[in-house]
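Participant: Here is how the chains run, residue by residue.
2 protein chains.
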Amino acid sequence: MFRIQAEDERSGARAGVLRTAHGDLETPAFLPVATKGVVKTLTPDELRSIGAHGIIVNSFHFLLRGRDAVAKAGGIHEFMNWDRVIFTDCGGFQLIRKDFSFHLSDEGMSFKLPDGTPYLLDPSGSLRLQEEMGSDVAFSLDDCPQLGSSEKRTLLSMERTTTWAKESLVARESENTLLFGIVQGGGDAELREDHARTVAELEFDGFGIGGLGLGEPKETTMAMVEASLKGLPSASPKHLLGIGSPDDLGHYVSAGVDIFDSAFPARNARHGTFFADGESHDIRKRRFEGVTDPLEKGCRCYACGEFTAGYIHHLYREKEMLAMRLLSIHNLAAVETWLAETRVSLREGTFSRPVRV
Amino acid sequence: MFRIQAEDERSGARAGVLRTAHGDLETPAFLPVATKGVVKTLTPDELRSIGAHGIIVNSFHFLLRGRDAVAKAGGIHEFMNWDRVIFTDCGGFQLIRKDFSFHLSDEGMSFKLPDGTPYLLDPSGSLRLQEEMGSDVAFSLDDCPQLGSSEKRTLLSMERTTTWAKESLVARESENTLLFGIVQGGGDAELREDHARTVAELEFDGFGIGGLGLGEPKETTMAMVEASLKGLPSASPKHLLGIGSPDDLGHYVSAGVDIFDSAFPARNARHGTFFADGESHDIRKRRFEGVTDPLEKGCRCYACGEFTAGYIHHLYREKEMLAMRLLSIHNLAAVETWLAETRVSLREGTFSRPVRV
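Chains A and B, in that order, are what the protein sequence lines are. The first sequence begins at 12 in the numbering used here and counts up by one. The second sequence begins at 12 in the numbering used here and counts up by one.
Keep in mind that the hints were calculated from the coordinates and are not lab data. Be careful, since some hints might not be right.
If several chains are the same, the list does not tell them apart, and a pair holds so long as it fits within one copy or across any two.
[Unchecked claim] Cut-off 20 Å, straight-line C-alpha distance, at most; resulting in silico cross-link-like pairs (SDA-like, lysine to any residue):
| # | residue 1 | residue 2 |
| --- | --- | --- |
| 1 | 330 | 111 |
| 2 | 241 | 209 |
| 3 | 47 | 16 |
| 4 | 229 | 178 |
| 5 | 47 | 254 |
| 6 | 229 | 265 |
Note that the structure is a prediction, hence the values are computed from the model and not measured.
Build the full structure now, drawing on both the sequences and the hints.
Facilitator: Structure follows, in structure tokens:
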């Protein structure tokens with residue numbers, strides 16, 4: 012399923028291929044976030060033109076709304092009309108970020124569905140949902156503690172996540188859905204490595220590193236990722252959940268992370284920030300008025316090929332949605348291009364960690 | 012410049028071609044509205060795929076914002092990256108619809124630019140602006156009275172519009188910009204026809220019928236359009252300004268209108284209404300949940316070719332912008348397709364006025 016094609020000797024970076032029921036995902040890979048079944052503002056054709064081969068959908072969201080519609084369509088791929096790889100998030104992380112009332116127990120997460128019905132989301136139910144959606148890569152339900160939780164709470168989350176991981180593995184039914192286990196362990200390197208070793212012993216197809224990017228200092232995130240990676244098998248694909256700003260990718264690719272997902276590039280685009288020449292820029296700035304160059308010279312994305320920075324500045328100032336579309340295309344393409352070049356450099360043995368996208 | 016290719020004997024409908032500096036516009040034609048230099052949510056590529064050959068931009072808006080940027084780009088076509096026909100509205104109509112403070116006199120419209128500078132928009136200045144933008148078809152500045160204005164006010168607006176029309180013709184500089192005169196006359200058929208005859212005597216390349224669609228009853232609009240057409244030369248192209256709902260087109264094409272522009276189809280799309288099988292539908296309705304058919308069976312637009320009504324229903328409920336894009340594409344394509352079929356039927360002598368798009 013996962014084959015490592017090349018490794019950089021000086022760092023832990025590697026290039027590989029994850030084989031899924033909907034084609035290959037070359038790693039290191041970045042998955043644009045399609046929480047509700049759409050990468051905001053964009054079509055699947057645009058994602059293909061950007062070079063994306065995989066996206067991540069939040070299965071939990073479809074539990075609240077759209078589950079029947081996806082089933083009627085024959086799965087999430089058909090529903091969205093996206094024939095490439097789809098990862099599905101189990102939703103533990105989304106729960107704690109949402110202004111959403113739920114109760115956590117050893118059995119799972121209890122809450123009310125929009126129609127008022129009480130619902131218990133347990134490990135097997137979460138996997139059933141993801142398999143039913145036709146996910147290519149599902150995650151076992153985890154108990155993701157808030158930032159700054161006590162050691163007691165962290166230990167409980169590790170224990171539950173482990174128990175749930177085992178239950179998820181037992182509940183597997185679909186051969187088309189790979190299953191990744193999730194590493195927790197809060198902000199303590201020892202607990203992280205410890206939990207990674209525990210989860211690593213289970214028969215997962217890959218591993219997600221969870222519970223990070225919640226607002227902790229970047230040094231903590233980095234240390235926790237490294238501790239998690241230390242406890243995970245080298246041969247398996249590792250997915251750093253929810254992290255992927257242009258500043259982060261170089262570091263974590265070097266550390267050995269294979270897969271990223273993040274709303275950061277597209278959300279920044281919608282807020283007027285675009286990436287060019289290794290920096291972030293604000294399209295609203297007066298200095299872009301009348302500029303006849305593209306957002307980034309040499310960029311081969313649709314936005315840069317067709318439009319000037321001056322036009323996009325005008326659209327953004329006029330609050331035209333097309334501005335958000337074009338900036339989203341550019342930012343996601345910048346990330347995809349950076350990763351494509353990184354994969355080539357790893358295969359050709361010329362990899363050197365760049366500062367940022 | 013304008014050639015009539017076929018006429019329907021029983022009605023006044025005709026098919027023709029308007030030759031412009033950016034190619035031919037086959038009539039009857041519908042121009043999607045790109046007030047601020049963009050048909051909301053869409054790219055020029057999407058407009059081409061819809062079958063649009065011309066759009067209409069509001070020159071007045073660029074006076075307030077973006078004029079320099081357009082000049083730096085080399086014109087509005089280059090600015091937007093749209094190489095087909097562009098009409099520019101002179102802005103008289105926009106002024107009265109806007110919550111905008113201005114003073115009207117025989118000289119023109121006085122108001123303050125965003126930087127506070129007092130500005131007088133007069134007929135020659137309006138034309139200069141439109142020519143400078145590289146408009147293919149400009150309109151002479153008109154004095155558009157509010158709905159329900161007195162006869163005195165209507166007569167003044169006609170007189171001013173005529174004087175301004177003459178001044179515009181004198182001010183012409185660009186050979187690449189056709190110039191259309193505007194017919195006013197309020198809600199009085201006699202005044203309408205009278206003003207049409209007056210404007211018709213001037214050397215315009217075509218005529219716009221203005222001051223309608225302001226909220227008056229549909230019967231009034233229809234009567235005023237007919238009275239205006241009666242006073243205009245048969246051989247010239249006639250543009251009904253700002254009107255083009257699916258219900259309207261059949262009637263006005265039959266009456267002899269050649270060109271339409273309206274924000275109606277795209278605005279309705281953004282509000283969740285789409286046109287299919289001769290009716291308007293609300294995508295938010297529960298009955299579209301999980302529907303695996305396209306918005307309209309047999310429709311060849313991108314939205315219908317790629318996505319189900321159930322998916323678009325889901326996107327709209329989730330307030331995803333992609334829903335607005337796809338509905339806009341569908342509605343504009345429905346109008347364009349209807350007009351393309353109408354043109355064929357006129358040329359083949361099989362035209363019969365359909366009830367609606």
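Participant: How would you classify residue 241 and residue 209 at a CA-CA limit of 20 Å: within, between, both, or neither?
Facilitator: The answer is within: 12 Å in one copy meets 20 Å, while 86 Å across copies does not.
Participant: How do residue 229 and residue 178 come out at 20 Å by Cα distance, when the copy is not named: within, between, both, or neither?
Facilitator: Answer is neither: 33 Å inside a copy and 67 Å across each miss the 20 Å cutoff.
Participant: Is it within a copy, between copies, both, or neither that the alpha carbon of residue 47 lies no farther than 20 Å from that of residue 16?
Facilitator: Neither: 33 Å inside a copy, 50 Å across copies.
Participant: Given a CA cutoff of 20 Å, do residue 47 and residue 254 count as a within-copy pair, a between-copy pair, both, or neither?
Facilitator: Result: close within a single copy only, 18 Å intra versus 37 Å inter.
Participant: Regarding residue 229 and residue 265, is the shortest C-alpha distance of 20 Å or less found within a copy, between copies, in both, or in neither?
Facilitator: within (16 Å within a copy, 68 Å between copies)
Participant: At most 20 Å between CA atoms: does that hold for residue 330 and residue 111 within a copy, between copies, both, or neither?
Facilitator: Intra 30 Å, inter 19 Å, cutoff 20 Å: inter-copy only.
Of the hints listed earlier, those the structure fails to meet are numbers 3 and 4, in rising order.
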